[in-house]
Structures are given as C-alpha cells and as structure tokens.
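Dock chain one against chain two, each of which comes alone in its own frame, and use the hints as you go.
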Amino acid sequence: MKARFSKSRLPATALAGPNSSRLRNGAAMHLAKILVPVDFSSESTKAIAYAVAFAREFGATITLLHVVEPILWPADYGYGPVTMQLPDQAMMRKAKARLNKMGARLIGHKFLAETQVLNGKADFEITEAAKALGSDLIIIGTHGRTGLDHTLLGSTAEKVVRHAPCPVFVVRRKEHEFV
Amino acid sequence: MATDFKKEKVMKIKPATKPGSVTFELNRRDDRLMARAAENGASPFKLKQILVPVDFSEPSQKALQYALPLAKKFGAKITLLHVVEPMLYPESVVVPPEMEEMNLHLMKDSRERLESLCQTTVNPAIASKPRVRLGKPWQEIVNAARSIPADLIIVATHGYTGLKHFFIGSTAERVVRHAPCPVLTVREREHDFV
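Protein chains in written order, with the working numbering: chain A, 1 to 179; chain B, 180 to 373.
Looking at chain B on its own, in the form it has when it is part of the complex (with noise of 0.2 Å):
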C-alpha cells in the first residue's frame, strides 16, 4: 500500500470517560486499513489494471466474463494474457533455428486470436490490450502481473487440458501462489455473480 508506516502515529494518548485517567489508543495497521477502506464516499476501489490469462479454452472464457462487467465498472483496462509453452527437446542445448520459427509462429497466431477475441468479446468503451508471452504459463503470468502492474488477476481454474480430477488446474494454482497481487479465481460450473 502506499503508506508509510514509520510516517504515520503509532499510538495516540486519548483522554478516557473517567477523570485522572487517559486510554491509549493503539494505531495498528489493519485499523488503518480499514479506515482508509471506509473514509472514502466515492469507490474505494482503485482497479485500473486487470490481468486475464487466456488459453482460449472455455473455462478461461469464463474469467474474461467475469472481467467485462468489473472492467465496465472500475473504469479499468483489461489484460488478456496468452502464454506460449516453447517445446523444448531435452536434448538439445541450443533452441534449434526450425524450433524458433515454431515458437514465433505460434505467438504470432496467438497475437492474432487474442486481438479477435478482443474485437468480438471486448465492448470498445473498455480498454483492452492483448499480450503473447513465451515461456512456463505460471511464471509468465507472475511477471506480466508485476510489470504491468496489474491489480488483480482473474483466472479460471482449468483450461484446455481440463483434468477435471484435478478441483484446480496447476497454472491457476501456481498463479494464486505466487502472485503479487489478489486473484480471483472462477471455476467451470459454480455459483455465479455475472
């Protein structure tokens, strides 16, 4: 937060209801929190920055779903996030050049479905930005998230690999680990508020 707490007043000596005697008043951070989350009349909510991981699989529909309608109301500028696992032969130290030309392919036509889900899904009011990343989903999620900075994450559970033993797929699980910042996560079939 964008406090500093060596600023702020550790303790205030307040005169109590009974004479001769005074009640310290202890300034303990989550009653700062809560006071700034209360002095404000207008929205408290200072969401500017969402991040959507997408792998457009349905379940990752999902959490742009839920991201349209916040979106719409914070004011706040959406995300969409795909990462692009390299393949990588275990073998072979140097990226071989045939394996390059596939990775870039393969960003580049993700670049493209997600400027398409962006068109066809995102309403233009809302400001949307697609991004294609390489590398492990989790940890790229992580570092878009620190460098955009996003202010929250919305992430479905599962996406195209859907194991559904699993109650949360691995990304999601490593992305609410690991994140920098609140995740919202939204399974397949739930109780919904969108």
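Extracted from the complex, chain A is given alone in its bound form (with noise of 0.2 Å):
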C-alpha cells in the first residue's frame, strides 16, 4: 500500500497506525538548529566536534551559547538578603570575541548560524534560548570547567537535560566515540 504523507508529526502512538509505514521505512528527519553551550573548556569543545559532524550530517547550523553568571553584589551592613544582580558586561564582550573566535576556527561560517552571550544562571538561559531559537536538538557535554570528578553528570547539563524543550544530546570526557 502506498500512500503520500505529509511531514507533519505524528504522535508516539502513530507507530501502530496507518502512518506505521512511513515511520517504519525511516521517517525523514529534520535537523536544522543545533544549540551548543560553550564554557570554553574542552568538554565543550567536543560537543562542538560533535555538533560540527552533525551539520554536516543534515544540513543544519549551529548556534554556540555562553552564559556569564551575574555578579552578585551582597548588600552592605547586613542589610537582609538583597543582592544586586549585574551583568558583567566586560565578561560578556570577551566571552562574545572568544565565541566567535572559535566558532571561526572550529565551526566555519557555512554551518555557524550565530553566537550568543547572555546573562543569568547557565541552565536556565540554556534552555530559554532553545525555545528562543526553536532548537532541534542541543548538544552539551556532561561537564564544564568545573569539571568536579566524582560527579557523572555536571549540575547544568543535568538541569538542560530536565528541562530542555528538544532532544538532548549528552556527551562526556572519556566515552565509546563515533565521531
């Protein structure tokens, strides 16, 4: 039996029904936003390599993030818990030329689709930007730079993997490759 389908998604269930065919015979895949959150360690690195191998698997592109951490300013004279929350902006305009630096020299312009700086908690801005961007799937490594070792999964790949929007892709230091 042969049927045209459009490329609308199809619910989990659809496995079983009429569709089943299209789905059995390998569905068509559209990948064509890839988030990378970068903190410039080389965890991150890798999930970049990853995410090159990727593009040019499907055609998509790639969209590196860096988050900087707000300082916090503790109020004087122990005045409460009030805290002022600043961007560092000298942070963030380094963190922009070092972003696109490296998307330069490892992504090339083909397959960079731009490079973002934000500000706030690195988890959380992660997985606001994936939903910004309407990301396909994000690409993160298991950990940064705080790379403490006796935990298997960093505590922000752990939140983007809760709460992302898309697919996640988790990559980690010493693994079975396929790229």
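For the record, the hints were derived by calculation from the structure and aren't laboratory data. Even glycine gets a Cβ: it sits at the ideal position worked out from N, Cα and C. Do not rely on the hints blindly, as some may be mistaken.
Okay, the calculated beta carbon distance ranges per label pair [stated by the list, open to error]:
1. B/325 - A/89: 41 to 49 Å
2. A/89 - B/264: 47 to 55 Å
3. A/155 - B/304: 38 to 46 Å
4. B/344 - A/128: 19 to 27 Å
This is how it looks when you write it as structure tokens:
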C-alpha cells in the first residue's frame, strides 16, 4: 500500500497506526538548528566537534551559546538578603569575542548560525535560548570548567537534560565515540 | 577514540610570517578531534550500533521513533533492550523457585513482545535485535551498552511509571550519568526533529 504523507509530526501512537509504514521506512529528519552551550572547556569543544558532524550530516546550523553568571553584590551592613545582580559587561564582551573566534576556527561560516552570550543562570538561559531559537537539538558535555570528577553529571547538564524543550545529546569526557 | 596520543606529535614548529621567528603550534587534543571531524569528506559519523531501552510505554516508543531514521541514515543496527526487574523479597537470601520461574516467564514474555515490536515497527531493511536482561534497569542498560558496544543510547526521559512531576525519570537520569557513550534523551512533549 503506497501513500503520500505530509511532513507533519506524528504522535508516538502513530507507530502502530496507518502512518506506521512511513515511520518503518525511516521518517525524514528535519534537524536544522543545533544549540551548543559552551563554557570554553575541552568538554564543550568536544560538544562542538559532535555538532559539526551533525551539521554536516543533516545540513543544520549551529548556535554557540555562552552564559555569563551575573555579579552578585551582597547588601552592605548586612541589610537582609538583598543582592544586586549586575551583568558583567566586560566578561560578556570578552566571551563574545572568544566565541566568535572559536566559531570561525572550529565551525566555519557555512554551519555557524550565530554566537550568543547571555547573562543569567546557565541552565535556565540555555533552555530559554533553545525555546526562543526553536532549536531541534542541544548538544552538551556532562562536565564543564568546574569539572568535579566525583560527579558523573554536572549540575548544568543535568538541569538542561531535565528542562530542555527538545532532545538533548549528552557527551562525556571519556567514552566510546562515534565521531 | 582509536588514537594513540603518545604517537601523535604534541607540538609543531613552523616558520612564522616575520622572518627570524617561529611559531609553536600546540597540537591540542580538541584540535585533533576537530581535524578528524573535518577531514572526512564522507560521513564522519561512525554510528553503527544504537541501543534503545524500551519498557513498552508510549514515551519509550518515541525513543524507537528517533532510532529508526538514524539507523536508516547511517546504516546502524538497533538493539532493543528490555530489562525485567526481578522481584525480590527482602527476607529471602535464596530466591525461591517460584520467583525464579516468574522471572523467567516475564523474560520470555518480554522477548516475545520485543520481537513483535521489531516486526511491526522496524523496517526489515534496518537490522534490529531484541534483547532482554534481568536486573536493575539502568545497570543492565549501561552493561549492555558496554558489551555491544553501543555508539549511542537513545532513551526516553519517562517510562511506564511516568511520574510527571519529575522532569526526568530515575532510569533515564542514571543512564545519562553512567553511560559509556553519548546519550540522546527524548521527551514526550517536545520540539521534535523526527
């Protein structure tokens, strides 16, 4: 039985239904936007390597994102838990320059969509950026610069995996690679 | 990665643009990785074995939904894994024979269900293998990934327990933590690319 199906997204129950033949044959994948959070550690460079491979395979573009945590100024004279949160402008400028350099060196203009530097809490900003960009995939390393060895999954990666609006591809330092 | 980093040159010394000076190019590991990813004109993906843990719930069917097109595109084999969690009574040191029988019966049942799932949902052109293990789900998934060895694990964030107030189920979380290879997590309601 041959039929033409539109590229609409099917719910999981469609696996057994009349559209199942399309899925059996392997539905087309529309992976167009990859988001890679970067903290300039070697693990995040590894995430970029995977992203380049994905981009090459699927004709996708990559957005590099770096999140700078705001400066917290505790209140003077112990006046209660009031803190001022200031975006660290200098840090953000430096990060943007570094991201651009990294993007040009590792990805190239063909696959690099843009570089973003955001201010806020890393995991929250990453998931919000993924929603805003309409990312199809987030590629993230388990650890970053803090890289506490006794944790198997860093706090940022863990929260991104929990709250992401799209599939998350997690790579770790020492693993069986396919790229 | 199949590279012997000891053999590769750590540092290259090149003549620089200014006469009379040289530049040191440090052969950093991430640069080698990037070079490898970039050098192949053909597919840089060596994705040959995908492990898909399945608990027959709808969310886990979604993981399979992601695995199929990936397997087709890269010519990978899919291993569908179902883990039966043995039921143990805390007081018993020795597993009573009725329990053992029940576990075996559950495993046989699961294998049949997996095989029918393979037949109904997986295109015969894609090589798929059903596997059933007995033990703690996350542990058996990680062990299977090591023994195959899997290149990628695609796991759904929730399963049949489906406790929705947790953003990710315990099995998926532990698999992401302990996996020996990259893991792709898919959730029920999300922006999909399949």
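To see whether the hints hold, each was checked on the structure:
1. At roughly 47 Å, the beta-carbon separation of residue 325 of chain B and residue 89 of chain A lies within the given 41 to 49 Å, and the hint holds.
2. Distance hint for residue 89 of chain A and residue 264 of chain B: a CB-CB separation of about 53 Å, consistent with the stated range 47 to 55 Å.
3. As the Cβ distance of residue 155 of chain A to residue 304 of chain B is approximately 42 Å, the hint placing it in 38 to 46 Å holds.
4. A C-beta distance of roughly 21 Å is found between residue 344 of chain B and residue 128 of chain A, which places it inside the suggested range of 19 to 27 Å.
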